[in-house]
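S.K.: Given the sequences, and given the hints that come with them, work out the whole structure.
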Amino acid sequence: MDYYQGGAVGGGKPTPILEPEQASFFIVRAATQRDLAISTTKGEWYAQRRHAEQLNEAYKSGRRQVMTFFTVSDSLHIQGAALMTSMATYQEAMDTNVMNDNDDDGTKGDPFCYRFKCEWYRTVELMLSTAVEAAPDLLLPTSSTHYCLDMTSKT
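Going by the working numbering, the letters in the sequence shown line up with residues 748 to 902, in that order.
These are calculated hints, taken from the structure and not from any lab test. Predicted model, so just to flag it, every value in this text is computed and none were measured. Mixed in with the good hints there might be a few duds.
Unchecked claim - DEER-style ranges, computed between Cβ atoms:
1. Pro761 with Asn844: 37 to 47 Å
2. Met841 with Glu880: 31 to 41 Å
3. Glu839 with Pro761: 30 to 40 Å
4. Leu765 with Asn844: 38 to 48 Å
5. Asp821 with Glu880: 18 to 28 Å
6. Asp842 with Val879: 30 to 40 Å
7. Asn844 with Glu766: 36 to 46 Å
8. Gln769 with Met834: 14 to 24 Å
All C-beta atoms in this analysis are idealised placements derived from N, C-alpha and C, irrespective of residue type, glycine included.
M.R.: Rendered as structure tokens:
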């Protein structure tokens, strides 16, 4: 069954990716379920500069669609998928380095202050074990690796 289709749980729209080989895919790690809930309501996501650069590189040609899959820290599930609909742009109001100079939150130097608009296509609780079984090459983001990893259309 196509990931974007499904029953009443999580809704779902027809897949926006008609030519997967011409699209870019990323898996993003969210800190909390609340962050995802806010994103589905507001239609936006905040990323660190280094990840914004990756996403923008994939998005800026205008010929490539960028689909992001989301997982919440330690949830062992993929919670949904959204299509990137704008470049990730710097938001000074979200820059913790501008707001204060302490390094207590561990994000000093690369705060989550780059916002991109996104259209959510599906929310779901897909077990990571099922995702990895279907796509053995899937690399999952962790705090020790990255919060955003790119994937191929084969993944």
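S.K.: Hints first: check each against the structure and report whether it holds.
M.R.: Structure-based check of all given hints:
1. Pro761 with Asn844: 37 to 47 Å: Hint holds: Cβ distance 41 Å, inside 37 to 47 Å.
2. Met841 with Glu880: 31 to 41 Å: Since the Cβ atoms of Met841 and Glu880 sit about 37 Å apart, the hinted range of 31 to 41 Å holds.
3. Glu839 with Pro761: 30 to 40 Å: 37 Å, holds
4. Leu765 with Asn844: 38 to 48 Å: 40 Å, holds
5. Asp821 with Glu880: 18 to 28 Å: Holds, at about 20 Å.
6. Asp842 with Val879: 30 to 40 Å: 35 Å, holds
7. Asn844 with Glu766: 36 to 46 Å: Holds - the Cβ-Cβ distance for Asn844 and Glu766, about 40 Å, lies within 36 to 46 Å.
8. Gln769 with Met834: 14 to 24 Å: 19 Å, holds
Violated hints are absent here; each numbered hint is respected by the structure.
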